[in-house]
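Sequences are here, hints too, so could you generate the full structure?
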Amino acid sequence: MKRKIFVLVFLFTVISCFCFGQLPKEYYQFRDDMYNFAKSPEEMEVTGAELLQKADKELSGYEKYLAKARYEFILGRVWFYQNNNEKAGQHYDKGIEYADLAIKEKSDAQSQLIYAENISANCAVKPVSYVLIWGVKISPLTKKVLDMDSKNGAAFYMQNAQDVYAPAPFNNHKRGIKKMSSLLDNPNVVLDKDDKFNVLSSIGYANMQLKKYSEAIKWLEDSLKIYPGNKYVQSLIEECKKFQN
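With my numbering, letter number 170 in the sequence shown gets 563, and the count goes up by one each step, no holes.
To be clear, the hints were calculated from the coordinates, so they are not data collected in a lab.
Each hint should be verified, as a subset may be incorrect.
Claimed, not checked - Pair ranges (Cβ atoms, derived):
{"#": "1", "residue 1": "D449", "residue 2": "G622", "range": "27 to 33 Å"}
{"#": "2", "residue 1": "K530", "residue 2": "D425", "range": "24 to 30 Å"}
{"#": "3", "residue 1": "N477", "residue 2": "N581", "range": "37 to 43 Å"}
{"#": "4", "residue 1": "A431", "residue 2": "K536", "range": "31 to 37 Å"}
{"#": "5", "residue 1": "E479", "residue 2": "L603", "range": "33 to 39 Å"}
{"#": "6", "residue 1": "K536", "residue 2": "N565", "range": "17 to 23 Å"}
{"#": "7", "residue 1": "K418", "residue 2": "V524", "range": "31 to 37 Å"}
{"#": "8", "residue 1": "M541", "residue 2": "K571", "range": "22 to 28 Å"}
{"#": "9", "residue 1": "D578", "residue 2": "G454", "range": "19 to 25 Å"}
{"#": "10", "residue 1": "L603", "residue 2": "Y625", "range": "16 to 22 Å"}
{"#": "11", "residue 1": "S575", "residue 2": "E419", "range": "29 to 35 Å"}
{"#": "12", "residue 1": "K544", "residue 2": "N565", "range": "31 to 37 Å"}
Claimed, not checked - Under the rule of at most 20 Å between Cα atoms (straight-line distance), these lysine-lysine pairs were calculated in the PhoX-like manner:
{"#": "13", "residue 1": "K432", "residue 2": "K418"}
{"#": "14", "residue 1": "K499", "residue 2": "K457"}
{"#": "15", "residue 1": "K447", "residue 2": "K418"}
{"#": "16", "residue 1": "K618", "residue 2": "K634"}
{"#": "17", "residue 1": "K447", "residue 2": "K487"}
{"#": "18", "residue 1": "K432", "residue 2": "K624"}
{"#": "19", "residue 1": "K457", "residue 2": "K447"}
{"#": "20", "residue 1": "K487", "residue 2": "K499"}
All figures in this text were calculated on a predicted structure; none of them were measured in a lab.
Where is the CB? At the ideal position from N, CA and C, for every residue including glycine.
In structure tokens form, the structure reads like this:
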């Protein structure tokens, strides 16, 4: 159960920030629908297929591959939350392929980040042999992103996530709370809407692991102000309330 929570929350919190203008405006609604559980997995699949086709028709080169890598990542996450690792992995595989093509067109913070994110997500649904080969790539890729974009909030988040979500003895929840909280007040870190949600919910999760349930609920409820339909955070709040009683 603890491993399940770790995997779910970590993957739920690695959708990144972007430079507006590099992705179609439809992407942001698609992303928000996933966070808010606004559509069924089947409906999200239909929308995703339409967006992928539109990207092929209206975009080219770097912009096309970046958008398609992002769409596949979202679709993978949709199926992961349905416990369908096979479908999730198929989308992450495609996301890695498109991200690699985007990097070949232009290696920048956004193409490197979505490459790392698809790999990270795939490690949760693939065999251990995959994790041993690909998992070691994530940290160097995150460092590369920050070398290219020193204010990238999503990359900072990924750097700090191990303290919150790694299994014992590799986590440090108190340090994780401190690091995550510092991102909220740092003018040199750019947090998009989803990044702020990720940070707030992570602080809540870390407090939950420390059995500080009232504090956890406060942070988790703050994250729901951004995505009120998020069923996973709602479930964490309910779990905290059970421990309070």
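Do the hints match the structure? See the list:
Distance hint for D449 and G622: a CB-CB separation of about 30 Å, consistent with the stated range 27 to 33 Å. About 29 Å separates the C-beta atoms of K530 and D425, a value consistent with the hinted range of 24 to 30 Å. Evaluation of the 37 to 43 Å hint for N477 and N581 yields a pass: the beta carbon distance comes to about 39 Å. Distance hint check for A431 and K536: the Cβ-Cβ separation is about 35 Å, which falls inside the suggested range of 31 to 37 Å.
Look at E479 against L603: about 35 Å separates their beta carbons, and that is inside 33 to 39 Å. At about 20 Å, the CB distance of K536 to N565 agrees with the hint of 17 to 23 Å. A beta carbon spacing of about 35 Å between K418 and V524 agrees with the range 31 to 37 Å that was offered as a hint. Taking 22 to 28 Å as the suggested C-beta distance range, the pair M541 and K571 conforms, at roughly 26 Å.
Under the hint 19 to 25 Å, the C-beta atoms of D578 and G454, about 38 Å apart, miss the expected range. At roughly 20 Å, the beta-carbon separation of L603 and Y625 lies within the given 16 to 22 Å, and the hint holds. The given range of 29 to 35 Å is respected by S575 and E419, whose C-beta atoms sit roughly 33 Å from each other. In this structure, K544 and N565 break the distance hint of 31 to 37 Å, their C-beta atoms being roughly 25 Å apart.
For a cut-off of 20 Å, the pair hint linking K432 to K418 stands: about 18 Å separates their Cα positions. Between K499 and K457, the direct Cα distance comes to roughly 12 Å. Compliance with the 20 Å bound is thereby established for this hinted pair. A threshold of 20 Å between alpha carbons decides the hint, and for K447 with K418 the separation of about 12 Å falls inside it, so the pair holds. Using a Cα cut-off of 20 Å, the hinted pair K618 and K634 holds, with the two alpha carbons roughly 19 Å apart.
Taken as a hint, the K447 and K487 pair is honoured in the structure, with Cα atoms around 17 Å apart against an allowance of 20 Å. Proximity of K432 to K624 is assessed by CA-CA distance (about 12 Å); at most 20 Å being required, the pair is judged to hold. Restraint check for K457 and K447: satisfied, since their Cα atoms lie roughly 9 Å apart, inside the 20 Å limit. Distance restraint check for K487 and K499: the Cα-Cα separation of roughly 18 Å lies within the 20 Å cut-off, and the hinted pair is therefore satisfied.
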